[in-house]
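Could you build all of it, start to finish, from the sequences and the hints given here?
Protein sequence lines correspond, in order, to chains A and B.
Quick note: the first sequence uses the working numbering, first residue 1, plus one each step.
Quick note: the second sequence uses the working numbering, first residue 1001, plus one each step.
These aren't lab readings, by the way, just hints derived from the structure by calculation.
Everything numeric in this text was worked out from a predicted model, so none of it was measured.
A hint or two may mislead.
Straight-line alpha carbon distances no greater than 30 Å define the calculated DSSO-like cross-link-like pairs of lysine-lysine that follow [stated by the list, open to error]:
hint	chain 1	residue 1	chain 2	residue 2
1	B	LYS1081	B	LYS1154
2	A	LYS52	B	LYS1193
3	B	LYS1154	A	LYS52
Single-letter residue listing:
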Amino acid sequence: MTEPSAPVIPCDQAVRQLWEYVERAVNPVDHARIEDHLAICRQCCGEVEFIKHLRQLLASQTSDDVPPEALRHLDRFVEEL
Amino acid sequence: MADAPVTRTARTKDAFQALARAQLPRLLALARRLTRDGAEDLVQEALLRGYLAYGTLDVDEAAGGWLRVILVNVHRDRERKRARTAEEVPVADAEDFSLYRTLVDEDPFPYSDTLHLDFLHTFTREDVRQVLLRLPEIYRTPLVLCHMEGFSTKEVAEMCGAPLGTVLARLHRGRKAFEREMWDYAGDMDLLKQGRTP
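Encoded structure:
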């Protein structure tokens, strides 16, 4: 006899963990529950893709423009070390 | 696979100055994300500490990350002096907030087939920085270090002097708060009406 499977978690419960799911930072049990939910929920699948874009947006900020004047001040500071 | 090159040049003043100059844009960018005011001071203090400790740097290839860790440590020390204890700050209504669903519900670009991407494209780099600066410091720092600087959660825990579980909880709240602040910022700055592109 097989054990009855756990009911699929609702959207609000899944949404709370989707960032961690994308980060692969949820435990195996929660990971499986979220996967089961995603298999039947198109909206949460869309949210997963959106979170990936948000992560890219954050990761792409590393070389953002910095004020040239501040850089000049700091360059002078380095010169005087 | 060949090992990555490991080099150790002489720890001279000239060598440190060259290293510091090469890292200045990245250090300043990091400082400007961590703090609203005093980013230049933060970089200067980090460079001074780095100069004094330059002899302890093992390999040249690690120099950039090493200086960034020093900068985060200086920032942490300053925050500790400023606020005697880092209190968990409730982020109003952010725990259950979903930017994705809010965009679906509010539909700010009714004629768009790519609503969510269009929303993200309205944010310039400066807008993203301003959104980050709206977050409480204890949530902003882990978010910046993990998602923008590429440090692991374990490294961030060490840098922040906090248990890993605390950092994970702050990251969770910080991500949700970031979503919430993006939405609020877009409204406050009229980004949705302008429909501008960076």
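Right, here's what the structure says about each hint:
About 24 Å separates the Cα atoms of LYS1081 (chain B) and LYS1154 (chain B), which keeps this hinted pair within 30 Å; it holds. Restraint check for LYS52 (chain A) and LYS1193 (chain B): satisfied, since their Cα atoms lie roughly 25 Å apart, inside the 30 Å limit. At roughly 22 Å between alpha-carbon atoms, LYS1154 (chain B) and LYS52 (chain A) fall within 30 Å of each other, so this suggested pair holds.
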